[in-house]
Amino acid sequence: MDLQAIMTRCAAEIPAAECYRTFEEFGVRFANAFCGIAKLWRGENEALGRIELPAGIELSEDRYQIHPALLDAAFQVLIGAIRPVEGLYLPTLLEGVKLHHRPGRRFWSHVRIRHHNTTQVEAALELIDDAGNIARRYVASSLRSISRLK
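In short: position in the sequence shown from 1, add 64, done, that's our numbering.
I should point out that these hints are in silico values taken from the structure, not numbers from a laboratory.
If you're wondering where the values come from, they're calculated on a predicted model, not measured in any experiment.
Warning: the hint list may mix true and false statements.
Using C-beta positions, here's what the derived DEER-type ranges look like [as the list claims (entries may be wrong)]:
no., residue 1, residue 2, range
1, E159, A95, 14 to 22 Å
2, N96, L154, 15 to 23 Å
3, D194, Q129, 31 to 39 Å
4, A69, A95, 12 to 20 Å
5, G151, G196, 19 to 27 Å
6, Q68, V92, 28 to 36 Å
7, N109, R208, 15 to 23 Å
8, E122, A102, 12 to 20 Å
9, V161, S124, 16 to 24 Å
10, A95, T72, 30 to 38 Å
11, A97, R73, 15 to 23 Å
12, A95, H179, 27 to 35 Å
13, Q129, E82, 25 to 33 Å
Positions of the beta carbon are idealized from the N, C-alpha and C atoms, including for glycine.
The whole structure should be built from the sequences, with the hints applied where relevant.
As structure tokens, then:
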């Protein structure tokens with residue numbers, strides 16, 4: 065995977081704090097353990113996030129293929145790809161998952177939007193290690209819009 069090419073396409077940086085403020089505007093407040101986006105960049109119908117396991121969380125390789133907080137943060141990157149942000153979307157369907165290797169404590173989450181309307185998003189999600197190798201690929205993820213939780 066050419067991380068440099070993705071970074072070129074996703075040139076608009078969004079501070080991680082701004083991402084989490086957007087989630088809060090829709091009524092979702094993540095505990096520190098689930099704030100794994102370190103940095104986020106946005107492009108046209110795609111986003112790239114730097115995901116890092118928050119301090120104080122143990123990565124138990126014998127318990128998880130990928131820590132739940134890291135997987136959640138990888139999907140949170142979707143908020144950078146959708147413009148305008150009209151609501152929150154929760155994953156409802158994964159048509160396929162390809163497991164290549166464990167991504168570790170730090171990796172890149174690359175989200176590409178295939179289809180988007182006010183009720184549904186179809187996206188592809190790839191977890192990429194620092195060498196540019198795909199660790200996980202989530203194919204044709206379907207996410208449904210939810211109302212504000214406030």
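How the hints compare with the structure:
1. The beta-carbon spacing between E159 and A95, approximately 30 Å, falls outside the hinted interval of 14 to 22 Å.
2. A hinted range of 15 to 23 Å holds for the C-beta pair N96 and L154, which are about 21 Å apart.
3. The supplied range of 31 to 39 Å is broken by D194 and Q129, whose beta-carbon atoms lie about 19 Å from each other.
4. Roughly 34 Å separates the CB atoms of A69 and A95, a value that falls outside the hinted 12 to 20 Å.
5. The given range of 19 to 27 Å is broken by G151 and G196, whose C-beta atoms sit roughly 33 Å from each other.
6. One distance hint, 28 to 36 Å for the beta-carbon pair Q68 and V92, holds here, with the actual separation near 32 Å.
7. For the hinted restraint 15 to 23 Å between N109 and R208, the CB-CB distance of approximately 18 Å keeps it satisfied.
8. Between E122 and A102 the beta carbons are some 18 Å apart, a value that agrees with the proposed interval 12 to 20 Å.
9. About 21 Å separates the C-beta atoms of V161 and S124, a value consistent with the hinted range of 16 to 24 Å.
10. A C-beta distance of roughly 34 Å is found between A95 and T72, which places it inside the suggested range of 30 to 38 Å.
11. Take A97 and R73: their Cβ atoms lie about 31 Å apart, and the range 15 to 23 Å is violated.
12. Checked against the hint of 27 to 35 Å, the C-beta distance between A95 and H179 comes to roughly 31 Å, which is consistent with it.
13. The beta-carbon spacing between Q129 and E82, approximately 30 Å, falls within the hinted interval of 25 to 33 Å.
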